[in-house]
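Engineer: Each protein sequence line maps, in turn, to chains A and B.
To convert, note that position 498 of the first sequence is 1655 in our numbering; the numbers rise steadily by one, no gaps.
To convert, note that position 407 of the second sequence is 1564 in our numbering; the numbers rise steadily by one, no gaps.
No wet-lab data here; the hints were simulated from the structure.
Treat the numbers as computed from the prediction; the structure is a model and nothing was measured.
Beta carbons: idealized from backbone N, C-alpha and C, even for Gly.
Watch out, some of these pointers could steer you wrong.
[As the list claims (entries may be wrong)] List time: in silico DSS-like cross-link candidates among lysine-lysine, alpha-carbon distance up to 27 Å:
| id | chain 1 | residue 1 | chain 2 | residue 2 |
| --- | --- | --- | --- | --- |
| 1 | A | Lys1686 | B | Lys1809 |
| 2 | B | Lys1686 | A | Lys1686 |
| 3 | B | Lys1199 | A | Lys1440 |
| 4 | B | Lys1205 | A | Lys1686 |
| 5 | A | Lys1836 | B | Lys1836 |
| 6 | B | Lys1857 | B | Lys1199 |
| 7 | A | Lys1686 | B | Lys1857 |
| 8 | B | Lys1857 | A | Lys1440 |
| 9 | B | Lys1686 | B | Lys1398 |
| 10 | B | Lys1776 | A | Lys1857 |
[Said to hold, decoys possible] Label pairs and their in silico Cβ distance ranges:
| id | chain 1 | residue 1 | chain 2 | residue 2 | range |
| --- | --- | --- | --- | --- | --- |
| 11 | B | Thr1746 | A | Lys1776 | 51 to 59 Å |
| 12 | A | Asn1868 | B | Thr1711 | 30 to 38 Å |
| 13 | A | Ile1616 | B | Leu1501 | 55 to 63 Å |
| 14 | A | Ile1616 | B | Leu1439 | 36 to 44 Å |
| 15 | B | Glu1210 | A | Thr1741 | 53 to 61 Å |
| 16 | B | Lys1199 | A | Glu1179 | 52 to 60 Å |
[Unchecked claim] Chain A is faced by these chain B residues, among others (derived, beta-carbon under 10 Å):
| id | residue |
| --- | --- |
| 17 | Trp1222 |
| 18 | Val1426 |
| 19 | Leu1450 |
| 20 | Met1671 |
| 21 | Trp1679 |
| 22 | Ala1681 |
| 23 | His1709 |
| 24 | Leu1762 |
| 25 | Thr1822 |
| 26 | Pro1826 |
| 27 | Thr1829 |
| 28 | Arg1849 |
Protein chains: 2
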Amino acid sequence: MNGAGNLMDFLDEPLPDVGTYEDFHTIDWLREKSRDTDRHRKITNRSKESIWEFVKSLLDAWSGWVVMLLIGLLSGTLAGVIDLAVDWMTDLKEGVCLSAFWYSHEQCCWTSNETTFADRDKCPQWQKWAELMTGHTESAGAYVLNYFLYVLWALFFSFLAVSLVRVFAPYACGSGIPEIKTILSGFIIRGYLGKWTLLIKTVTLVLAVSSGLSLGKEGPLVHVACCCGNLFCSLFSKYSKNEGKRREVLSAAAAAGVSVAFGAPIGGVLFSLEEVSYYFPLKTLWRSFFAALVAAFTLRSINPFGNNRLVLFYVEYHTPRKTTQLGKYPVLEVIVVTGITAILAFPNPYTRRSTSELISELFNDCGALESSQLCDYINNPNMSRPEDDIPDRPAGPGVYMALWQLALALIFKIVITIFTFGMKIPSGLFIPSMAVGAIAGRIVGIAVEQMAYHHHDWIIFKNWCRPGADCVTPGLYAMVGAAACLGGVTRMTVSLVVIMFELTGGLEYIVPLMAAAVTSKWVADAFGKEGIYEAHIRLNGYPYLDQDEFTHRTLATDVMRPRRNEPPLSVLTQDSTTVEDVETLIKETDYNGFPVVVSRESERLIGFVQRRDLILAIKNARQKQDGVVSNSVVYFTEDAPQLPASNPQPLKLRRILNLSPFTVTDHTPMETVVDIFRKLGLRQCLVTRSGRLLGIITKKDVLRHMAQMMNQDPESIMFN
Amino acid sequence: MNGAGNLMDFLDEPLPDVGTYEDFHTIDWLREKSRDTDRHRKITNRSKESIWEFVKSLLDAWSGWVVMLLIGLLSGTLAGVIDLAVDWMTDLKEGVCLSAFWYSHEQCCWTSNETTFADRDKCPQWQKWAELMTGHTESAGAYVLNYFLYVLWALFFSFLAVSLVRVFAPYACGSGIPEIKTILSGFIIRGYLGKWTLLIKTVTLVLAVSSGLSLGKEGPLVHVACCCGNLFCSLFSKYSKNEGKRREVLSAAAAAGVSVAFGAPIGGVLFSLEEVSYYFPLKTLWRSFFAALVAAFTLRSINPFGNNRLVLFYVEYHTPRKTTQLGKYPVLEVIVVTGITAILAFPNPYTRRSTSELISELFNDCGALESSQLCDYINNPNMSRPEDDIPDRPAGPGVYMALWQLALALIFKIVITIFTFGMKIPSGLFIPSMAVGAIAGRIVGIAVEQMAYHHHDWIIFKNWCRPGADCVTPGLYAMVGAAACLGGVTRMTVSLVVIMFELTGGLEYIVPLMAAAVTSKWVADAFGKEGIYEAHIRLNGYPYLDQDEFTHRTLATDVMRPRRNEPPLSVLTQDSTTVEDVETLIKETDYNGFPVVVSRESERLIGFVQRRDLILAIKNARQKQDGVVSNSVVYFTEDAPQLPASNPQPLKLRRILNLSPFTVTDHTPMETVVDIFRKLGLRQCLVTRSGRLLGIITKKDVLRHMAQMMNQDPESIMFN
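Using the sequences and the accompanying hints, generate a full structural model.
Structural biologist: Here's what the structure looks like:
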């Protein structure tokens, strides 16, 4: 790691790209950390020199909080704009506001003075398309025309979304959470969090959600917030030049994303901690907390109409990339799925409305005056209780009708959500899975309620359900169902419960929500330990080391390269390799770095040198340093010997040598090696026996070995 | 680490104590983990042999959840019993219930039918001592008698508490959180979580809280829950025999403790994560969540009267041990402080009542009919609004009186709390610091309210405070003040906010609470980075590696032993040391282990052997293995050579040799070494250069070096 110290001096020279990484490679956390400490030390030392340097050091110390503030402000603003745009465009599929075409249905009637609270959905300014074009409102022709235009708008929105993604920013599709998880674990995917992705994802997210597809906007909002984080990183060299520090900012940005997606700042911090982040020191926790706070506050200032918190809220997911035949034609796929969704969704009132409105209705309990079909109970005529304590009542025909429609909606949602995931548009999984859970929960809730009403002498009801009491709340069943379904998909526990009660304000339901989260986790884990994001990461072959325990009894010697029948390890010697040898080695192999040993005979390890740094250093020396030719000897020792003048000038490369490479012995069990890779974020590790270098283990080797031990195809691990 | 595998075989032999640690020593996390994996692997292999073994393996897999269930049940029960006992004994200081002496004031009047809701505090069955003894109630003599008995009871309770702690369980004093933090980081303090501590702490906690001292019961409840965790660990060899696994259970137990202390299950999990725990993998998060859930549920079942959540809640802290003159006489100290507390507290109504009741009153807002002195506002006669929307009103004389009393209570609380910390009784800091914050907050709140009422044309009030509106809520100021004060003391952020809103149900105040937490953290950090628990750990000299970044530019070679002028490192050779040599080495040094090298000339490292294991193995061999004498050669190689019969029989010790000791090079920067110690939980690490062994760094060396770099006394680090 002292090499890193020397690296910094090297960086001061005008040599771009030393210490950076190539696309689709893994970063070395220890090295990044070391570089940041050097930078920090340098600034601290300089700060004593002048007032200006002191001010600069203060700015540097506060830059973390400034970045958090900016991320909070921008992601809150974007989420607010997206919310307003989605509201407007979703309503545009059905009609238009005559007084101002940029008003959504709610805003249109809100500004109209003629409506009372009960009729708040109906006002003359808001006209459905058929009414506007033909003047009719209730005829069969008007219904068909509305239906047709609804499908047409949906197709138009989704076509626009998929085309924009395809042409301008392929990385904008999906939810982005699996990729962000991978990036946070130390992988480089250039452009994934770029400005272009930010712009296109924001626009297409509005289009995709407005088209009525069975997808959520919460996951993509996390991606959008991370793009904001990456954008602001570029303002400060502290973050833009250090991949480790950058990831601290991105973890906090993910928290801000969930904060605005669900209106749940604490839930956002916990989501980032439990689900997304890889390294999450306490400092990042406090910064995430601050970013989430600013973001939630900004969103609330921009969109004061978002009082219905559920409308603010979503969490999403992106389908596996094992594509179908249709998957080869992404535009066609999106059009077909949108068409089917729109055609099937329109006739059923529970699928036509936006999913978050549906969830909100399912969560709510029936007041005495509720007009919803779900609340068509037969009221007891001599009821004299206050409104908020209504005893269980027999269901009326509306409720039975609603039950049938909900059952159809449940099947439809399950099937269409499966097909919607993984299309090439921004899409989230949170809201669709909550909807499935909420529908199932509400159906069960109504069934139990009616059973309790008609059979209150049954043993299970006897003790806690007196006749005439309000003992079953179907809305609570829906809430618990939604939490359980979401928990099963993502395997969240703590963050799930916090998000649910920040979302619903139902702090008193914490115990049933916790019980649902634990149960769904147990049941889901019995089928397979992987949550949806991990499954996605595995399908894409990203190099992600998850937290699962490795329990096989293999040793480092079983995993290291070279294997028994392979050619020996490519090493450099400290004082007997020529520039030509090095260049040949670089040309003939594609390893990311080479160990440096005392001599080929003793095989005693001196250090490790990165391929990328080696190429840059030799190129630079050949250009600028006179006398360095192909048969110059490369020295990694502290002092190069005095050579006779006839010999070519030596090339001293100790400054790019990492003098503290990580080593383990060949007897180290793989579980310890996996632990070291995971906790220290290593890129590679050298294997020795009694001080002799035997081989090397890279992160890829570790992942392939783990895949092999779990009887998976080791070739599915594709990147370094 | 393969050594650990061999160690297991060794453990099967009847050799007790191999693989255990001495008191006040640090555990080796990697080794514990390795041992657990071996155990797990063995059980998995055996499970295929018979149905009985399969059932045993299932039991083993579920034992973690079973332990959590038991911890939740017992700690919930204990917390419920403590709550009820404290209620009764606190009231006993003032009077007694005639109908049943074991009823508290509230229960006494609750069961009486004669009282109305408004008079729920007055009933004939409850009699103050003076009333019972003299028949008078309102006279000056009765007041003095009540005062005298109040002080007497307080002195009796605190004397009993301090004597019990002193005689039976010295570890039961204080809050225990700093020690639990240290234990969770891998330190051994035998008896700290024992059965005796559990019993005495539970009893003395009731006495200490009832005596009216300025202390909280929340911190001690965390200690009590951890004792429960340790108790149930002993039921399963999986946990009792593995110090690493035991600490996973203890982390979850701490969560259960906070869950019952505050009635805040989610807050408990986050407190354990943010404040207490050292290693907190996701699996522990889920288990903590479950334990906290069960504990909260059990508590609610036992103590259904605890609807006033604040009464359930406390967090505590234990004062630094740098004792005063008085500190040498702990019993006297407690008696004196209790006497002063009782004498000064009785006359002021805000200090006489229990601190949690005080906080509860300060948090509450004034309704129109509120009888509290704090709510003595001058009502507008033509007020016709609903009760819950009362506009700002001018303060009456009662409010001004209350303000003076609150100001006195504030000073008293601050001073007496400082003296109460660190006495030799169970004591917590949460409630006292919340009380200080809440009093200050309420005073500021009332001041702002009156300013807004009298000067609503001032610029700051103009925009958000119309005349006749309810624009200032003093109760909210108290809540924010409590959160800010607590945040400053403990430096919690996320867990603080979650605990506050689980406590108060005020989900809508999340934004001011978050702002208070962030601000108080910033301000407190400007004075010093250490929270109260870290300060306490440092004062006690415990070996705790905190999360602060180490930014000094030192290298492993600067820290390792031996230093330049010291004798060379004590090593063993793989095949040329005799039993006598080893015994001499053990006698002459007190190192915890010795590196094993190929030969003294080559200094190539083979492995590391623990002192404790070496002593046990030699003792065992001398007793049982014929022919092992003082000049037998000790072999650490795979095969001992065939020796002539005249030579003494060799002693083969490869099975106790750790073949994968952790090594770093001498050039490794100390920040990396610190990181490795912290993240992998190492006990020691060997230092090499080019494959040659140079020295050793232990956790103590690291901590001493860190203390030195921060200009602290390195000798303050006392334990290994």
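Engineer: All hints are to be evaluated individually against the structure, with a verdict given for each.
Structural biologist: Hint-by-hint comparison with the structure:
Of the supplied pair hints, the one linking Lys1686 of chain A and Lys1809 of chain B is violated, its CA atoms being roughly 43 Å apart against a limit of 27 Å. The straight-line distance between the Cα atoms of Lys1686 of chain B and Lys1686 of chain A is roughly 40 Å, outside the 27 Å bound, and the hint therefore fails. Distance hint between Lys1199 of chain B and Lys1440 of chain A is unfulfilled; the C-alpha atoms sit about 40 Å from each other, more than 27 Å. For the hint pairing Lys1205 of chain B with Lys1686 of chain A, the CA-to-CA distance comes to about 22 Å; that is within 27 Å, so the pair holds.
With a C-alpha separation of about 6 Å, the suggested pairing of Lys1836 of chain A with Lys1836 of chain B holds against the 27 Å cut-off. As the CA atoms of Lys1857 of chain B and Lys1199 of chain B are separated by approximately 35 Å, the hinted pair breaks the 27 Å bound. Between Lys1686 of chain A and Lys1857 of chain B the alpha-carbon distance is near 39 Å, which puts this suggested pair outside the 27 Å criterion. A C-alpha spacing of about 25 Å is found between Lys1857 of chain B and Lys1440 of chain A, which places the hinted pair at or below 27 Å, so the restraint holds.
Between Lys1686 of chain B and Lys1398 of chain B the alpha-carbon distance is near 37 Å, which puts this suggested pair outside the 27 Å criterion. Note on Lys1776 of chain B and Lys1857 of chain A: the hinted pairing is violated, with a Cα-Cα distance of about 46 Å set against a maximum of 27 Å. A C-beta distance of roughly 53 Å is found between Thr1746 of chain B and Lys1776 of chain A, which places it inside the suggested range of 51 to 59 Å. The given range of 30 to 38 Å is broken by Asn1868 of chain A and Thr1711 of chain B, whose C-beta atoms sit roughly 47 Å from each other.
At about 58 Å, the beta-carbon gap between Ile1616 of chain A and Leu1501 of chain B stays in the expected band of 55 to 63 Å. The hinted window of 36 to 44 Å between Ile1616 of chain A and Leu1439 of chain B holds, with their beta carbons roughly 40 Å apart. As the Cβ distance of Glu1210 of chain B to Thr1741 of chain A is approximately 58 Å, the hint placing it in 53 to 61 Å holds. Evaluation of the 52 to 60 Å hint for Lys1199 of chain B and Glu1179 of chain A yields a failure: the beta carbon distance comes to about 44 Å.
At a threshold of 10 Å, the smallest CB-CB gap from Trp1222 of chain B to chain A is about 9 Å, leaving the interface hint in force. At about 6 Å, the closest approach between the beta carbon of Val1426 of chain B and any beta carbon in chain A falls short of 10 Å, and the interface hint on this residue holds. Proximity of Leu1450 of chain B to chain A holds as hinted, the smallest CB-CB distance being about 5 Å (cut-off 10 Å). Taken as an interface hint, Met1671 of chain B checks out: its beta carbon lies about 5 Å from the nearest beta carbon of chain A, inside 10 Å.
Hint status for Trp1679 of chain B relative to chain A: holds, with the closest Cβ pair at about 9 Å, below 10 Å. Because the smallest distance between the Cβ of Ala1681 of chain B and any Cβ of chain A comes to about 12 Å, over 10 Å, the interface hint for this residue is violated. Given hint, His1709 of chain B at the interface with chain A, holds; its Cβ is 8 Å from that chain's nearest Cβ, closer than 10 Å. Hint on Leu1762 of chain B holds. Least Cβ distance to chain A is approximately 6 Å, under the 10 Å limit.
Given hint, Thr1822 of chain B at the interface with chain A, holds; its Cβ is 5 Å from that chain's nearest Cβ, closer than 10 Å. Proximity of Pro1826 of chain B to chain A holds as hinted, the smallest CB-CB distance being about 5 Å (cut-off 10 Å). At its closest, the beta carbon of Thr1829 of chain B sits 5 Å from a beta carbon of chain A; the interface hint therefore holds under the 10 Å criterion. Because the closest C-beta pair between Arg1849 of chain B and chain A is about 6 Å apart, less than 10 Å, the hint holds.
Hints 1, 2, 3, 6, 7, 9, 10, 12, 16 and 22 from the list above are not met by this structure, while the remaining hints are.
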